Every structure is written in C-alpha cells, then in structure tokens.
Amino acid sequence: RKEVEQDPGPFNVPEGATVAFNCTYSNSASQSFFWYRQDCRKEPKLLMSVYSSGNEDGRFTAQLNRASQYISLLIRDSKLSDSATYLCVVTPNDYKLSFGAGTTVTVRA
Amino acid sequence: DTAVSQTPKYLVTQMGNDKSIKCEQNLGHDTMYWYKQDSKKFLKIMFSYNNKELIINETVPNRFSPKSPDKAHLNLHINSLELGDSAVYFCASSHGLLAYEQYFGPGTRLTVT
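Heads up: the protein sequence lines correspond to chains A and B, in order. Position one of the first sequence corresponds to residue 1 (the working numbering), numbered consecutively onward. Position one of the second sequence corresponds to residue 1001 (the working numbering), numbered consecutively onward.
Everything labelled a hint here was simulated from the structure, so no lab data went into it. It should be emphasised that the depicted structure is a prediction, and the values quoted were computed from it without experimental measurement. We treat Cβ as the ideally placed atom computed from N, Cα and C, and that holds for glycine. Hints are not guaranteed to be accurate.
[As the list claims (entries may be wrong)] Derived coverage of chain B by chain A (criterion: at least 3 residues anywhere in the stretch with Cβ under 8 Å from a Cβ of chain A; other residues may be distant):
#1 1040–1052
#2 1084–1098
#3 1105–1113
One chain only, chain B, in its complex shape (with noise of 0.2 Å):
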C-alpha cells in the first residue's frame, strides 16, 4: 500500500532522448510536486499541481513538461535530456493547497550519458 509511487527507479540514458517519470498517489491528496535533487543534494521545487491546475512553475526549461491527467497523478517528460539533468527526482503530495507536510514518492534517479 505504497503512498506514493514513482516509476521508473532508475533511468538510464542517452543525450539528445526523450523521456518520462510517473507519479501516483493514493493519499487522496490534491497537491503533487516535483522536485529535483542533484549531486549538491539540494532539493528544489520545479512543479506543482493542485486538482490538475498548475501552481508552481520555476525556473525550469521548456525540455520539462508536467502532466496531471487526475489528482492522483503527475508525469513528468522531459525532452532532448542534457548531462546536466542527471539527478533525482522526487515526485511528493500534499494535502491542500498550502504545502505543509509533504510525503515523497522513493525517487527516480536519472543518469543522462
């Protein structure tokens, strides 16, 4: 009965590809994230949605593109990777709109070579 799920776990690819990340959660909250954790093991907000409506958008390329088909949902694709997206990407949920406690999903981490 995990709380939040990602899939893949670890992804490994190629420069220049396109690829995806998906998150579920049955918590049956209306907020999801993303986040990305790189080497420096900072943890920053790049997405998130509330009942399928964008809230947070940073400073993040236009390569990143969140989905929210539901509100137990939230994809992530990512088009033409570089090197640089190489890190790991927590997808998390909360309950309502304001972001208190967050529960993360276990983490997808990307190798970009």
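Only chain A is shown next, with the shape it has when bound in the complex (with noise of 0.2 Å):
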C-alpha cells in the first residue's frame, strides 16, 4: 500500500467553483500535513500545511482527519491560475517527506 494515495482526477472546473479533493495516508504516527502545488513541468512547492484544527489561506481550506488518515484541500471561487497539480505531503518520521502523486485541477474560462 503507498503511504500517501490520492485522486489523480483530472478535476475540470469552470471559473468561481468550488473543487474539493482528499488524499489518504497510511502511517497513523505521521505527524505533519502538507500541500504543495505543482505546475506542469515546474518544481513543487509549499501551498499550506495543514493543522489538526483546519486551517484557511484566502480560498484555500485544509482539513485533516487522523481517525480516518485523511486530508482535504478546498478550492472556493476557483482562478484559471489554479490550474495545477496539487501534491498531498504527508511526513512518516521527521526527516523525510512522503509525497503523494498529485490531483490535477484544470480550471476553465
């Protein structure tokens, strides 16, 4: 089983909607919570962490689940510069990142 699993999509949503998407982990001793976002062909890089508490970054919501080992991300009034691959990142220990493969959101005009 990989540790980090998610939908690969691709989610196709037009300007202004809402997209929401999970990811699930498999070590219930990880500790910290992450989404990166990845543009095609460019590096990953840090969106949000995500807290036990949820958290908000403007359009941004990330919850987290540790009974089920899941985390979501929450698009609202989605730009066509959201247009991404979204990485779940799920940290097993403390020196290393798991990575998920990605959820591709393509937002259209």
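Please assemble the complex out of the two chains, which come individually in their own frames, going by the hints.
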C-alpha cells in the first residue's frame, strides 16, 4: 500500500466554482501534513500546512481527519491560475516527506 | 537571486554513461535533498544531507552517489546509466533537520537513450 494516495483527477471546473479533493495516508504515526502545488514541468512549492483544527489561507481550506487518516483541500472561487497538480505530503518521520502522486485541477474560463 | 539552482536543466545521454547533476542553494539552509520524479509523477526521496552528513539513504542503487562538499551544495553522480534512470531529478533544501518546508530547485530532466 502506498504511503500517500490521491485521486489523480483531473478535476475540470469552471472559473468561480468550488473544488475539493482528499488524500489518504497509511502511517498513523505521521505528524505533519502539507499541500504542495506543482505547475506543469515546474518544481513543487509549498501551498499550505495542514493543522489538526483545520486552517484557511485565502480561498484555500485544508482539513485533517486523523481518525480516518485523510487530508482534504478545498478551493473556493477557482481562478484560472489555480490550474495545477496538488500534491498531498505527509511526514512519516521527522526527516522526510512522503508525496502523493498528485491531483490535477484544471480551471476553465 | 535563485534560491535553489540545478545544472544542467536537461541531460540526454546514452546507456552506460556516467553523469553528474549539481545543486546549490543560497538560502542558508543546512539540509539538502535529492528526489526522483518518474513518469507516474511520484516524487520519491533518494538522499538527504544535513551539514554534509548523510541522513537519508533510501533504497537507491549504488550507481547513485551523492556528494556534499559544503552545506550549500549537494551533487548527484550517476554511474552506468540505465533506461529506467530517465526521470526528473529535483534538489531541495530546508532549514534544520526536520523536513517541514522544503524549497525545490527547477529540476533536471534526464533522458537515457
């Protein structure tokens, strides 16, 4: 079983729509959780950390469900510039990040 | 003022050759990493160094040898290249030993023919 699993998508949404997707992780001892964003043929960049109580950063909301071992990301009022692959990232130990294969979001005009 | 830089950006070579990829960061971070992203888009950690000391060495063939001359540089040398080595290799760095926020270089697209 992979450490981090994501629905690859793609999620095709119109501008202004809300899109949400999850990822699941296998290691219950994982402590830290993140969403990274990767544009086509570019490097991954940190989008936001995910806290136990859930957190927002502008139009982005992240949630963590430790009991069910999943993390979610919701994007409100989608912009064309939100088109990217969103990577779910988990720390199975203190020294490394485990990445999911990503969920592709395409926002259309 | 690029934070994490890699050279070369593209590398096309034949099976059996030996090649190196260089990485430099000017963020003052003391931990650096090498990742491999294959065609299925999984980003997998290969190595990490903290202050020139090897911290993570995942199951990677011996043909791959990282070298960290100082904490701002982490190079990757690959011997006897194979077709399966074709991938994008990303260097990254972070502040401190805990891997919370990592800054990635632009990647090196390696194609082995």
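Hint-by-hint comparison with the structure:
A count of 7 residues in the segment 1040–1052 of chain B with a Cβ less than 8 Å from any Cβ of chain A is obtained; the coverage claim is therefore met, three being the minimum. Counting residues of the segment 1084–1098 of chain B whose CB lies closer than 8 Å to any CB of chain A gives 3, which reaches the minimum of 3, so the coverage claim holds. Under the rule that three or more residues need a Cβ within less than 8 Å of chain A, the assignment of the segment 1105–1113 of chain B holds, with 3 such residues.
Violation of the numbered hints given earlier is absent; every hint is satisfied by the structure.
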